[in-house]
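**Student:** Protein chains in written order, with the numbering used here: chain P, 1 to 301; chain Y, 1001 to 1365.
Calculated from the structure, these hints are not laboratory results.
A portion of the hints provided could be inaccurate.
What the hints assert, rightly or not - Listed next, the stretches of chain P that the computed footprint assigns to chain Y, with coverage defined by at least 3 CB atoms under 8 angstroms from CB atoms of chain Y:
#1 176-188
#2 239-246
Said to hold, decoys possible - Beta-carbon label-pair distances, calculated as ranges:
#3 256/P - 1336/Y: 23 to 29 angstroms
#4 234/P - 1304/Y: 55 to 61 angstroms
#5 1364/Y - 27/P: 56 to 62 angstroms
#6 1364/Y - 223/P: 51 to 57 angstroms
#7 116/P - 1006/Y: 57 to 63 angstroms
#8 1085/Y - 264/P: 36 to 42 angstroms
#9 1012/Y - 72/P: 43 to 49 angstroms
Unchecked claim - With the Cβ distance kept under 7 angstroms, some of the chain Y side facing chain P (calculated, not the full set):
#10 1020
#11 1280
#12 1303
#13 1309
#14 1312
#15 1316
#16 1348
No residue lacks a Cβ here, since even glycine has one placed at the ideal position from N, Cα and C.
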Amino acid sequence: MLIVAGKGGVGKTTVCTTVARLASGLGLSVLVLSVEGSPSGAASAAVGPPENPIPAATAVFARLAPDEALVEYLESHGLGRLSRRLARSGVVEVAATAVPGIKDVLMLGKVRQLETAGVADLIVVDAPASGHAVRFLGGASGLAEIVTGGPLRAQSEQVAALLQDPRRCRVLLVTLAEETPVNEVAETAFALEDRAGVALDSVIVNCLLPAIPELDDDLTTLAGSDLVDGATGGALAAAARFRAQRQAVQDLQVARLGDALPLPQLHLPFLFGGVDSNGIDVLAGALAGALRSRVTAGDGP
Amino acid sequence: MSGLSTLVEARSTLVCCGPGGAGKTTVAASLALAAARRRRRVVVVTVDPARRLGDALGLDGLSDEPSRVGVDVPGELWAAMLDTRSTFDTLVARYAPGPEQAQAILTNPFYRNIAGSLSGTQEYMAMEKLFDLHDQERFDLVVVDTPPTRNALDFVDAPGRLTRFLDNPLLRLLMAPARTSLRAASVATQALLRAISRVIGSAVVADAIAFVRAFEGMENGFRDRADRVRRLLHDEQSAFVLVAPPQPGATRETATLARTLTDAGLHLGGLVINRVHPQFGALADGQPATGDGQFGPLRIDGPEPLRRLYANLADLTAVAARERHQLEPLRELVAPAPTVLVPMLESDVHDLEGLDAIAGYVAGN
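Whole structure, please, built from the sequences with the hints as guidance.
**Tutor:** In structure tokens:
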């Protein structure tokens, strides 16, 4: 089971889809779960189910709804048919407020159920954005402090046991090579380790512009060339300078990330053509390549 | 007049909202700076500024009291950081009939959970802080940056959040034994309470009952306050500014937010699309740019020595065109409110100079 976490807007959902594509290409069955409240959840709630870019036979996309998880839980623990009426009248809101983390633990309990039942070879969880991810994954340990006994406590303990077993569950962090996302992913990483006790696998640096090391030489060639007219030359030079400056920022941030977070990095390229089915193939290929070179270098599983 | 200049010149409250990672804090701060440059007394309330931007605004502590930003402007620029907890505590203290009752609420574990985990509390407190600062009349304009919104309704509902929570039938039910004698509480209620206690723990239920009891008599104050906040948000003088990055998922999310705000009768002041790839002029001979992210076979023909430059220009042009194309429906949706595009700058924005640059794009100079 892999949990994909990172700041809003860094491409968690894209990474989930990429991992699913790669794993299903290797013949594994994959279940991708997005949590309500994650950006993909909000977006898909607005426009209908997310487009499934992978044949349904090999990867299944599903969304977890906290309220349903709570109702299901109440039903199976003594409130019987009353639960649904209570849910409609707002009991979910009160229970969730009275016991922070209850929704999270119940959703993770659902994930654990699926994991234990072996519904797929790999379960990928699209976690809520950074701060929320810490609360989401740390909820199980937090809840155990508040609830001293009963079925809820047992549930929390089972979830915590899953999260804290590195053979069953790992976190894949996602960031961009930019100042704020780098700071935030480092903070999130340490918070996740401390508060959820979950094993961190690697950090994916998404949307990296592929390097063009010869750009400077090319600009020199352009300056001494009469092959293009002035306007075209100006556009070519401006685009090259923009690219070079973004790349400098990117290199700096990748280095900062390396200093701030001692985890293996996996680099994914920026997609000039947008994130469509082809784009996911490109990313899956890049991810496979990055993983292969890591195995060759012998610094990872 | 350009972009959102009328907003920073004439409105008295601006609320920046949009998906996470869009740059709301930066846009909020640059709107505030633009207004201060136009002789207005402005305060910007941010939720969680990036370290260096926070430093630039003088927000080194965690204070939610405004502090003056050291910048030479004709008006005044102040900044504050939203502290959900302390804003909530202040509100409770204001409406409690006495210090003892305030203390009873503030130390109640159920209250502490509400202040931290009731969904939409951050939005509620952002709106509350907005109202509080607006009410003080020290400022001509209050700009509020908001938490990344997971549910658009959180804004619309924000002011009535707590009173509606207290109207919850379950809490009403919990109140019954407190209000009447235990004997009068129905057998069914008792059974239900026992069942709930069994599931979520009896201490939790006891805390909830104590909280609701302590809160009695304060609801009207809160309700009245909520009405005033709601009126302020709906006022002609208030506007919501949507901030979004040019990616399809975020654009869809922003469209939903825009519809929800409009349906609730709130004013959309404008849309800022942040960090759009710049355009570098047309390619020679109108050749189509078909960059595909692969630096393999060339898709456009330039002279051989310059092929990498051509490929780079083609790729960046394709991205810029795609981003502009996909945000068209959103632009139409928010019209007649203006849409401004802020290009991706060559480096991150972390000082007043950077904010001025953004302000130039958003509100003109």
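**Student:** Now tell me if each hint is right for this structure.
**Tutor:** Results of checking the hints against the structure:
no., hint, in the structure
1, 176-188, "holds (count 5)"
2, 239-246, "holds (count 6)"
3, 256/P - 1336/Y: 23 to 29 angstroms, "violated (43 angstroms)"
4, 234/P - 1304/Y: 55 to 61 angstroms, "violated (20 angstroms)"
5, 1364/Y - 27/P: 56 to 62 angstroms, "holds (58 angstroms)"
6, 1364/Y - 223/P: 51 to 57 angstroms, "violated (35 angstroms)"
7, 116/P - 1006/Y: 57 to 63 angstroms, "holds (59 angstroms)"
8, 1085/Y - 264/P: 36 to 42 angstroms, "holds (37 angstroms)"
9, 1012/Y - 72/P: 43 to 49 angstroms, "holds (47 angstroms)"
10, 1020, "holds (2 angstroms)"
11, 1280, "holds (4 angstroms)"
12, 1303, "holds (4 angstroms)"
13, 1309, "holds (4 angstroms)"
14, 1312, "holds (5 angstroms)"
15, 1316, "holds (5 angstroms)"
16, 1348, "holds (4 angstroms)"
When the structure is compared with the earlier hints, violations turn up for hints 3, 4 and 6 and for no others.
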